[in-house]
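Could you put the whole structure together from the sequences, leaning on the hints where they help?
Line by line, the protein sequences are chains U, L and F. Start counting the first sequence at 18; every next residue gets the next number (the numbering used here). Start counting the second sequence at 50; every next residue gets the next number (the numbering used here). Start counting the third sequence at 6; every next residue gets the next number (the numbering used here).
One or more of the hints may lead you astray.
[Stated by the list, open to error] Straight-line Cα separation of at most 25 Å, SDA-like style, residue types lysine to any residue; simulated pairs: (1) Lys166(L) with Leu7(F); (2) Lys13(F) with Glu232(F); (3) Lys19(F) with Leu193(L); (4) Lys124(L) with Leu7(F); (5) Lys173(U) with Asp177(F); (6) Lys245(U) with Ala23(U); (7) Lys168(F) with Lys173(U).
Since the hints were made in silico from the structure, they are not lab data.
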Amino acid sequence: MLIQLAWKNLWRNKKRTIIAASSIFFAVVLSVFMRSGQKGSFDYMIHMTVSSQTGYIQVHGKDFWDKRSLDQSIVIDSKEQKQFREIPNVTSVVPRLESFSLISFGSATKVASIIGTEPISEDQMTRLKSKVIAGTYLDNTSDGILVAEGLARLLKISVGDSIVLFGQGYQGMTAAALLPVAGIVKFNFPAQNEKSVYLNLPTAQWLFAAPDRITSLSFMIGNIRYLKPVTGEIRSVCGDRFEIMTWEEMMPELVQMIQSKIAAASIMLMILYLVVGFGIFATVMMFTNERLREFGMLISIGMRKIRLIWVTFIETIFISFIGATAGSIVGFIIVFYGMRHPIHLTGETAEMMLSYGFEPLLTFDITPALFTDQVVIVTIIALVSAIYPLMFIRRLKPIKALHSL
Amino acid sequence: MPLIELKKICKTYSETKVPVEALRDVDLQIDKGEFSAIVGPSGSGKTTALNIIGGLDDPTSGQIIVDGHDISTLKKDEMINFRLHHIGFVFQAYNLIPVFTARENVEFIMLLQKISKEEREKRAIELLTAVGLADRIDSRPSELSGGQQQRVAVARALASHPSFVLADEPTANLDSKSAISLLELMEVLNHEYGMTFVFSTHDSRVIKRAHRVITLVDGMIASDVANNAAHED
Amino acid sequence: MLIQLAWKNIWRNKKRSLIILSAIAIGLTCGLFVSAVMYGMWDTTIRNTIDKELGHYQLHSNEYKAENLITNYIPNGETVIDSLQMQPAVVAVSGRTIIEGIAASPTSSGGVRIIGIDPPDEQKVTTLYQYMKQGTYLDTVKANTIIIGEKLAEKLNLKLNSKIVLSFQGLDESIVYSAFRIQGTFSSESSAFDETTVFVRQTDLFALLNHPIIFHEIAVRLDSDKELTAISGQIQQNFPGLKVETWRELAPELNMVNDMMSMYLYIFLGIILLALLFGITNIMLMSVLERVREFGMLMAVGMKRIKVFFLVIFEAIALSLAGGVIGIIFGSILTAIFAHVGIDLSIVGEGLSSFGVSSMLYPSLPWTIYPTLTFMIIVTAVISAILPARKAIRLKPSEAIRSF
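See the structure below:
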């Protein structure tokens, strides 16, 4: 019955209650929208970045990450590779032998990144086949290579030409070969587009005098939340012989960037809630002051102070939670819609994303933490705001209240 | 020509379920220099009558002519302007702007009339002195007694050089001493300066002093008598 | 006079006004400071990039822009440099030779960009020499010295005075090898740069190539950023065969972020103001409702409705500006303090350096923020006052002052 009273009291001044609740509504919707938009973007960004380079998890030689040379290459036999592929939630496993050398065609020479890889699984991970713009893709039967479009343009290479690769191989052996170009591939990322050359793994292993050796084994997983379990499984297969790194360890800059963006957004949202909290406090305060006479009357006729305090407390909770609930619902709807229909971005933001090789989409994702956070914050606002009526009623002297104008 | 003329004024409030006929077919004339009271029990329509004379409310039918103007045809903002220049008001309460001093309250009206600063300041002091508050010019309403506040209201009402002053229950909140004091002031103003005063009241102290008493009952004029006893005082 | 009345009216209910004032002040102080930090971060990054690598503008041959081959050098480089040095506003000019090659150590090797410079000239244009971590900048006396990034030294497992072998293609298509001694290592706070860039003396380079010195890139430092577009446009006209680009064109991502930064700032502050709008509206609404009788009296006594309307609007503006000014002052003071002292970000981690973001942060704000923010505050106040102001004038005076 107290609750009913509280509810009815709120609606005595419709506009005021709606405005107060709207401020929380606004903050909640914005929070939900921003946070899930961020999560969606980050997951997308992570996925795009890891799929084009390192994979979510990588197994490689113990000093490879620092030294990056062929001397840290490892051997993983086919039985083990099969075991790796069979780990649940692993979508692709790509063995690579990576180094670099000079490549030369005609009178021009350039430094290139040489990536020896297994054609089918490489395509599973990076969709390399879809980036072929001329000629054919790699296959295991011929030694034809793929040259990145920027590089091909610089050296004036076309499909069918043979180019010279020249560099340092495993354990200091000279690496030199003349190989035919099977296809040209185009990447969005200029750094990649101007430096990459792909060989199938056997050819690379032959070129660098590193038979059966690979520099890395990269893993893609179905969803980022499987990262820990899959890493654990990988470790149980290969034990301590190699180094296992997750994308977070391989790309700390990405982690930093994401964290700093989340931090920035969190700070902004905190300031927002702070401001909204002030507004609610002020509203509750004024509402309380208005009802001086009413409170005086209620107490004189016998209502215990504690009950009155309860009523005002419930009113405060109601104001906050109407806004928060409405905000959560609307936020939810927007996010669900956004999850199915990512928003297409335009303008400069889109251009920037394209230059990084990302599609200009705004994607969303949700975590339960998103909603629990809102609930906590809104409750805090309600509690703090309720302090004023609490103190007010405690200090209330009924006689003085009744005689006030 | 009468200063205020009501011709066949009817006012019906239809907002409630049962429409209320506050005034029925009222004819009234008030001349310049009068010191008259409109009296009657609650529900008699005296407040309505005063509101209509003051242009605060429109009659449902009939004509009201003030100072030669037919004010029933005026639009809202024109009406406000008319009141500014022609009518002075003294209400029962809430006459003054609480954040302004007595002086500022009186000057405020003249400011709305766009009177020059010098003129305003001079006149404010004059008027406040005339109502006996020369030493309280810079006090705020909260620092003045009820009676003093009403005096300031009178000074304010006079500041705009109105054609007449409309007082709605001006003494209702005052104790006897202050009430009488206020009435004496207004009588003096009426006698010395010829300012017309129209009251709406059921305070016997006011009625005793009014020179003319118009009694309303159930929305119609029941009697309209000259109070010769008061006249002679 | 209306304004005077508006101001006095605000203080009728001190507690209430103070609360909303505090909300505005605190909201804006935090907002401004956080914005300053974000803005300062990018501003510093941009300055750093210009100072350490790019210079204000650069010239390349048109062919080089299309294909950065060693053969696409700037014809008559020396003459170009001389003429540039005579231009007004030019502080220094540096000609660079850029060759891509491989740097190798006994244990490892990596692809690098070999930049041949004239150390004294280069030092006047860029500030990289201030970022030497070990050893010294390039010597003008000793031959075949090289400076490399710290990251590269780690990767190749090399130390000061170690030998590093560079191999690259010469102008006559032959491959050139030579050993250089590491004179010093630098840390530019962009680990990508550190890992792939090495500097040698032009004289050494061309001794190896057996060729007179040629330049692929000329970098120019001006005394200020101001006339950049005008100046570079002028230079382009003087040298039609070359491509002249300002740092904005050379690093469009930075330029774009720069523009976007301002926009984000205003959106951020706008959101805070929007949140405040609700609070101000409610406060004004309740303030108006409390004064129903007074408004009725004012309109009865002769105050036109439009004036009453503006009275309420002015009250909202006065309230908001009072809080706003306090917020702006405190926000600016906070920013100024930290701009002087700097915020040390190295606690956050070294990841930032791979973005070229330095670890010392100096918050700053573009001056345009002050007038724009003030304007935004006023707009917010006006919008929030509209509803309450309309309520105030909708009252019928007769109802508002109805006797007891």
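For each hint, the structure was consulted:
1. Lys166(L) with Leu7(F): holds, 15 Å
2. Lys13(F) with Glu232(F): Violated, because 49 Å separates the two Cα atoms, which is more than 25 Å.
3. Lys19(F) with Leu193(L): Status holds; Cα separation ~21 Å.
4. Lys124(L) with Leu7(F): Measuring from Cα to Cα gives roughly 24 Å; hence the hint holds.
5. Lys173(U) with Asp177(F): holds, 18 Å
6. Lys245(U) with Ala23(U): violated, 49 Å
7. Lys168(F) with Lys173(U): Status violated; Cα separation ~35 Å.
Hint violations for this structure: numbers 2, 6, 7, all remaining hints satisfied.
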